[in-house]
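> Produce the entire structure from the sequences given, and follow the hints as far as they go.
Top to bottom, those sequences are chains A and B.
Residue 118 in the numbering used here is what sits at position 118 of the first sequence, and the numbering runs on without skipping anything.
Residue 63 in the numbering used here is what sits at position 63 of the second sequence, and the numbering runs on without skipping anything.
Treat the hints as calculated values from the structure; they're not laboratory data.
Careful: at least some of the hints might be erroneous.
With a straight-line cut-off of 25 angstroms between C-alpha atoms, the simulated SDA-like cross-links for lysine to any residue are [stated by the list, open to error]:
| # | chain 1 | residue 1 | chain 2 | residue 2 |
| --- | --- | --- | --- | --- |
| 1 | B | Lys69 | A | Pro108 |
| 2 | B | Lys107 | A | Asn180 |
| 3 | A | Lys12 | B | Phe114 |
| 4 | B | Lys122 | A | Ser181 |
If you want the footprint, here are the derived chain A segments under chain B, 3+ residues with CB under 8 angstroms [said to hold, decoys possible]:
| # | stretch |
| --- | --- |
| 5 | 182 to 189 |
| 6 | 200 to 214 |
Every residue gets a Cβ at the ideal spot worked out from N, C-alpha and C, and that includes glycine.
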Amino acid sequence: MLKIPFLAGNKKALISIGTLIVLLLFPLITNSTFYVHVFILCFIFIIAASSLRLIATSGQISMGHAGFMSVGAYTSAVLAKSFDVSPWIGMLIGALMAMIIGYLIGIPFARLRGIYFTMATLFFGLGLLTINQLLSDYTGGYSGIGGIPPFFHTASKIPYYYLFLGLVTLSLLIFYRLENSRTGLTWKAISQSYSAASSIGINESHQRALVFSIGCLFAGLAGAGFAHYYLILSHSSFNFLASMYLIVYVLVGGIGSFAGPIIGTAILVAIPEALRSLRDYVPFIFAGIMLIVLFTMPQGLAGLPAQIWSLIKRKQRAGNSKEVIDHVS
Amino acid sequence: MFLEVKGLNKHFGGLQAVDHMDMSIQKDSIVGLIGPNGAGKTTIFNLITGVFKPNSGKVFFNNVDITGKSPHTMASLGIGRTFQLTPLFTDFTTLQNVVASYYLHPKTGFWDIFFNSSTYRKNEAYILEKSIDILKLVGLNRVKNEMARNLPHGYQKMLGIARALAVQPKLLLLDEPLGGLNIDEMKFTLDILLKLRQQGITILIIEHNMQILNYCDHVVAINFGQKICDGSADEVRRNPEVIKAYLGEQYAA
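Laid out in C-alpha cells, this is it:
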C-alpha cells in the first residue's frame, strides 16, 4: 500500500486532501455551469462562516458578520467601478478595511460579554448597512450597485471556481493553524472564563479584539470576492438575514468542530440553489433544519458520524450484556 | 515591604466592603487573611489583583505603586491568584489548563506561533516539561489527561493552585484553598504551601479553617471591611475582637 510518511494514520489530513483532489477535478468531469456556480457560492460562504466560527472560539458570537462582508464588498466594488482600481487590489483593500473597522469596534465591544456583545454586533452590522445610503452616490443606496468589474473577462465560471477554491483552501489552512496553536488555546481559554484568563496574564480584551478583527478580515475577503463574482450588490445582499444565515450555517454544521461551518454551509447553500421554486420558503426550511439538528444532534452535522458510531457501540454492548444475562439465567 | 496596602477603600453602592484597610506583607512569609463571611476578604483580593478599582487608597508591590492596574498586568508583575469557586478552563484537560496558563513565561510572538517557528516549538516543549513538573508537585500528574470538569472538588482546588503557579508568581493569593477538602487533602495542600514558601513565593491566604493559623507567620483579621487585629497567630487567637467576631459577644470575656 502507498505510504506517505506525514499522512500515515492522519485521518483528517487524508479526508481533507481527498476532498481537495475531488474538488480540483470536479470542473473537468461536469458540463453543468449550474453546479460550478453552486460550488463557488459554497466556497465564498464557507470562508465567511468559518471566520465567524473562528471568532466564536473566543466565546464571542457576532450577529453582524454579514455587515463586515458588505464592507469588503462595497469597498472593493466602489474602488473598482468608480476609481478604476483593479479588482484584485480592491479585494485586498476591502478585506483590510473590514479588518480595521473590526479592530476599532472590537476594542470597545470587548468590554461587553455574552449576549451584550452579540446585541452590540447585531446593531453595528445593521449600522454598517446604512453607510450604503449615506454614500449612495457611489453605492447606489437602496437600488444597489451594478456593473462591477469582474476578476476575469470570460463568460466561463471555471476560473472563478479555481480562484475561490484557492481562497477557501488558504483561509481554512490559516484558520486551522490559528486554532490549533497557542493562539487558539488562548482564545479557547478566554471563552471558558474571562476572570481566570486574565488572572494568568492574558490581555483578554486585546485578544478578543484581535480574533474579531481577523474574522472580519476574512468576512471582508469573502464579501469582496462575492462582489466581483456576482457583479451586482443590492441592499439585501448583506442584511440582517444574511448574518443570521451565517450563524445558522455554523450551528447546523456544529460550532464545536472545525468541519462544522464547512459542512453546514455546503448543505444549506446548496438547498436553496437546488430548490429554486421553493425560494420564498427558505427561512422556513432553514428553521426546520435548525430545530431538527439542535434537538437531535447537539454536536451538529459534523458530530453525526461520531454520534452514530457511539450509538452502534451502545447497541452492541447492550446486545452483549443481554446475552450474558440470558446465559446466566 | 513586599506588598503594602495603604488606606484601601471600596464601596458598592451604600455598602462599605473595605474600609481604610492597611496591611503589609514581608517577603517569603505566609500571611493569613481571616474574617467571618462577608468581611471583605475576597474584595481585598480583587482590589490587589486589579479586578476592582479601589475608591481610594494605594497598593504597593515591591515599593511600586500598582493601584488599579488591570488583572493581566498584575499577573505579568508576578501576582498569581486562585479563586474561591475555582473557575477552571473546564473544557480543557488538567494538563491543558496548566499549559494554557504558561502564557507569560516564555512569551512567544504571534508570528512565531503562526509559522510554527523553532522558537515556538522550543518554548512549547519547555512549557510541557514545566507543566508536568507543576502537576507532579501538586499531585495531579496521574489525572493529567482528564477533563478538568470531571475532576473531584479537591483536585480542582489543586489545579487552581497549579494554574496560578504557571504564572511564575512572586506573590501568590489563595482564596480558601482548603474549602471543602478532607483532612488528608488539607494536610497535603498545607505541605505544598510550605514547599512553595521555601522556593521563594510569598503567600497571602484567605481561609475559614483555623488550622491554617498554625502555618501562618502573620495573620490579619478583618470584620465588616475593617482590620480588627494584626499580629502573630497566637495574638490573633487570643484577641477579644476576633473571638467576638467569630463567636459572639458572650465569649469575648
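> Starting from the hint list further up, note which numbers the structure goes against and sort them upward.
none
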